[in-house]
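Q: Chain by chain, the residues run as shown.
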Amino acid sequence: MTAAALQRTPLNEIHRASGAKMVDFGGWDMPVQYSGLIDEHNTVRTAVGVFDVSHMGEIEVRGPEAFRLVDHATTNAVAKLKDGQAQYSGLLYEHGGFVDDILVHKVSDSSYFLCVNASNQEKDFEHIRTLNTFDCEVEFAGPKYAQIAIQGPKALGVAQKLTDTELSGIKYYWFRDGVFGGVPARIARTGYTGEDGFEIYVAPEHAVSVWKAIMDAGKDVGIKPCGLGARNTLRLESKMALYGHEIGASISPLEADLAWIVKFDKGDFVGRDALLKQKEKGLSRKLAGFEMRGRGIGRDGYEVLMEGKAAGWVTSGSPAPTLGKNIGLCYLPVGKAGTGEKIEIVIRNQAVEAETVPTPFYKRPQ
Amino acid sequence: MNYPENFRYTKEHEWVSLEGDTATVGITYHAQSELGDIVYVDLPKVGATLEIGKSFGSVESVKAVSDIYAPIAGEVTEINDALSTAPEKLNEDPHGAAWLIKAKVASATDFNNLMTAADYQSYVGAES
Numbered sequence: 001m002t003a004a005a006l007q008r009t010p011l012n013e014i015h016r017a018s019g020a021k022m023v024d025f026g027g028w029d030m031p032v033q034y035s036g037l038i039d040e041h042n043t044v045r046t047a048v049g050v051f052d053v054s055h056m057g058e059i060e061v062r063g064p065e066a067f068r069l070v071d072h073a074t075t076n077a078v079a080k081l082k083d084g085q086a087q088y089s090g091l092l093y094e095h096g097g098f099v100d101d102i103l104v105h106k107v108s109d110s111s112y113f114l115c116v117n118a119s120n121q122e123k124d125f126e127h128i129r130t131l132n133t134f135d136c137e138v139e140f141a142g143p144k145y146a147q148i149a150i151q152g153p154k155a156l157g158v159a160q161k162l163t164d165t166e167l168s169g170i171k172y173y174w175f176r177d178g179v180f181g182g183v184p185a186r187i188a189r190t191g192y193t194g195e196d197g198f199e200i201y202v203a204p205e206h207a208v209s210v211w212k213a214i215m216d217a218g219k220d221v222g223i224k225p226c227g228l229g230a231r232n233t234l235r236l237e238s239k240m241a242l243y244g245h246e247i248g249a250s251i252s253p254l255e256a257d258l259a260w261i262v263k264f265d266k267g268d269f270v271g272r273d274a275l276l277k278q279k280e281k282g283l284s285r286k287l288a289g290f291e292m293r294g295r296g297i298g299r300d301g302y303e304v305l306m307e308g309k310a311a312g313w314v315t316s317g318s319p320a321p322t323l324g325k326n327i328g329l330c331y332l333p334v335g336k337a338g339t340g341e342k343i344e345i346v347i348r349n350q351a352v353e354a355e356t357v358p359t360p361f362y363k364r365p366q
Numbered sequence: 001m002n003y004p005e006n007f008r009y010t011k012e013h014e015w016v017s018l019e020g021d022t023a024t025v026g027i028t029y030h031a032q033s034e035l036g037d038i039v040y041v042d043l044p045k046v047g048a049t050l051e052i053g054k055s056f057g058s059v060e061s062v063k064a065v066s067d068i069y070a071p072i073a074g075e076v077t078e079i080n081d082a083l084s085t086a087p088e089k090l091n092e093d094p095h096g097a098a099w100l101i102k103a104k105v106a107s108a109t110d111f112n113n114l115m116t117a118a119d120y121q122s123y124v125g126a127e128s
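Chain order of the listed sequences is A and B. Here this note's numbering is used: the first residue of the first sequence is 1, the next is one more, and so on. Here this note's numbering is used: the first residue of the second sequence is 1, the next is one more, and so on.
The following block holds chain A by itself, in its conformation from the complex (with noise of 0.2 Å):
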């Protein structure tokens, strides 16, 4: 794919203009780092950093029907939603596996707003709309807003010079629509770094007055724009799922360790029976956490050895810089699959010792 042919966020000439480096992420032009993986990681595990994640795609269920849609597409009790509540949730295929791993963000009994993963969108949407045999319509609303992340423990200090919205009044996974940075958001506790902090979607006119407002806000306390790169590392350690590493067409969210979020007792909905059916006949695989006891990173797609035989692959992997370990999450038979086990993780043609550790290997100081 050649550059002409990537999309691009609203702040693209931002990103090249500060000096980013710029990859082909799923086909969207983004910022993979600025002033460092390393050192915006550390900047968003002790300060706060500023991520554009307008790449992300968001669908749009509205109509008096919208909640038995969107109950009946993902896997996570919708029921359980007030207003102004989100909640991590699975858009499952019929057989059980991913089509994406998506925030259902509950506006009112009529309106629903889903944030899902960039390079799934247009597949998201059309699977919606397949699915959608109730009174209420189905928007693909990516084009609609830019969404730029706040993260890290200085995170509510810096938004809240923002707006006249109370954030410490949104609870973590809630959400509220307000005013910030002077034009008209959607203000969410969320994030995919294992921080507090805030994701705000504004109209992509707005977005580069918003990301210097936000950039202004945060000079006094260290704030820095991040890459993709930090966002990964930030993600892995706290053990959140990327679609096409833990997740995805051929893997479940039981296997995934996302039981969770798969609501059995809520009635039916897509993949329910063949969750059932799985969780009967008992799980084959399972993701695990490893720590590198020998020297090397196992990366994305290594395979994993346990007493010299194939047992799984590695399927997110990296140093950690919290922690100062080499990390990752591995497939490995169920059994196999708890705290404490011995595996090797082959490194180009190496075998090198692993060893399975609780998770997540990161969880931010209460």
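Heads up, a few of these hints could be off.
[As the list claims (entries may be wrong)] Quick partial rundown of chain A residues pointing at chain B, CB under 7 Å, derived from the structure:
| no. | residue |
| --- | --- |
| 1 | Q33 |
| 2 | G36 |
| 3 | I38 |
| 4 | L228 |
| 5 | G229 |
| 6 | P319 |
[As the list claims (entries may be wrong)] Listing some non-contacts, in silico: residues in chain A with all C-beta distances to chain B over 10 Å:
| no. | residue |
| --- | --- |
| 7 | E65 |
| 8 | E122 |
| 9 | Y173 |
| 10 | E205 |
| 11 | S250 |
| 12 | K266 |
| 13 | E291 |
| 14 | G296 |
| 15 | L305 |
Calculated directly from the structure, the hints in this document are not laboratory data. Remember, predicted model here, so these are calculated numbers, not experimental data. For each residue, glycine too, the CB sits at the ideal point set by N, CA and C.
Once you have looked at the hints, place chain B on chain A.
A: Just chain B now, kept in the frame of chain A:
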């Protein structure tokens, strides 16, 4: 970035300098910049044979691992041990203190066949 005039360069972003029959090999500023924060450097043993275009080691950053290819033929006479404990030096001084290996070469022909600083500069300019 200024690429030293007395070095020669490869399309895989290695650099070579030559003094007598001793070549010094490293990776370029562009290479370390593309890789980002470097966490491991794997180098061959002294005495290893370098074959042009064959991988003789690797450099690994937080986000990726990259092979290093021999720009010249020869025999490794010295490796930069400091990089095993301080790989981040490759990000700081790739054309200087963070050289990778020194090798004894049979002739200067290989060296002269590589890109000049000006050629390399326009090559990475075109690439990015």
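Q: Decide, hint by hint, whether the structure agrees.
A: Verification of the supplied hints:
1. Because the closest C-beta pair between Q33 (chain A) and chain B is about 6 Å apart, less than 7 Å, the hint holds.
2. The interface hint given for G36 (chain A) is met, as the beta carbon of that residue sits about 6 Å from the closest beta carbon of chain B, less than 7 Å.
3. Look at I38 (chain A): its Cβ gets to within about 5 Å of chain B, closer than 7 Å, so that hint holds up.
4. Interface restraint check for L228 (chain A): the shortest CB-CB distance to chain B comes to about 9 Å, outside 7 Å, so the restraint is violated.
5. Hint on G229 (chain A) holds. Least Cβ distance to chain B is approximately 5 Å, under the 7 Å limit.
6. Contact between P319 (chain A) and chain B, as hinted, is supported at the beta carbon level, the nearest pair being about 5 Å apart and thus within 7 Å.
7. Its beta-carbon lying about 44 Å from the closest one in chain B, E65 (chain A) satisfies the requirement of being farther than 10 Å from that chain.
8. Every beta carbon of chain B lies more than 10 Å from that of E122 (chain A), the smallest distance being close to 27 Å; the non-interface claim holds.
9. Taking the minimum C-beta to C-beta distance to chain B, about 29 Å, the non-interface status of Y173 (chain A) holds against the 10 Å cut.
10. Listed as a non-interface residue, E205 (chain A) keeps its Cβ farther than 10 Å from every Cβ of chain B; the least gap is roughly 29 Å.
11. Once the 10 Å rule is applied to beta carbons, S250 (chain A) is consistent with being away from chain B; the minimum gap is 25 Å.
12. The claim that K266 (chain A) is not at the interface with chain B holds, since no C-beta of that chain comes within 10 Å of its own (minimum 39 Å).
13. Interface exclusion of E291 (chain A) from chain B stands, the closest Cβ pair being 15 Å apart, more than 10 Å.
14. With a cut of 10 Å on Cβ distances, G296 (chain A) falls inside the contact zone with chain B, its closest approach being about 7 Å.
15. Non-interface call for L305 (chain A) relative to chain B: holds, since the shortest CB-CB distance, roughly 19 Å, exceeds 10 Å.
Hint compliance for this structure: hints 4, 14 are broken, all remaining hints hold.
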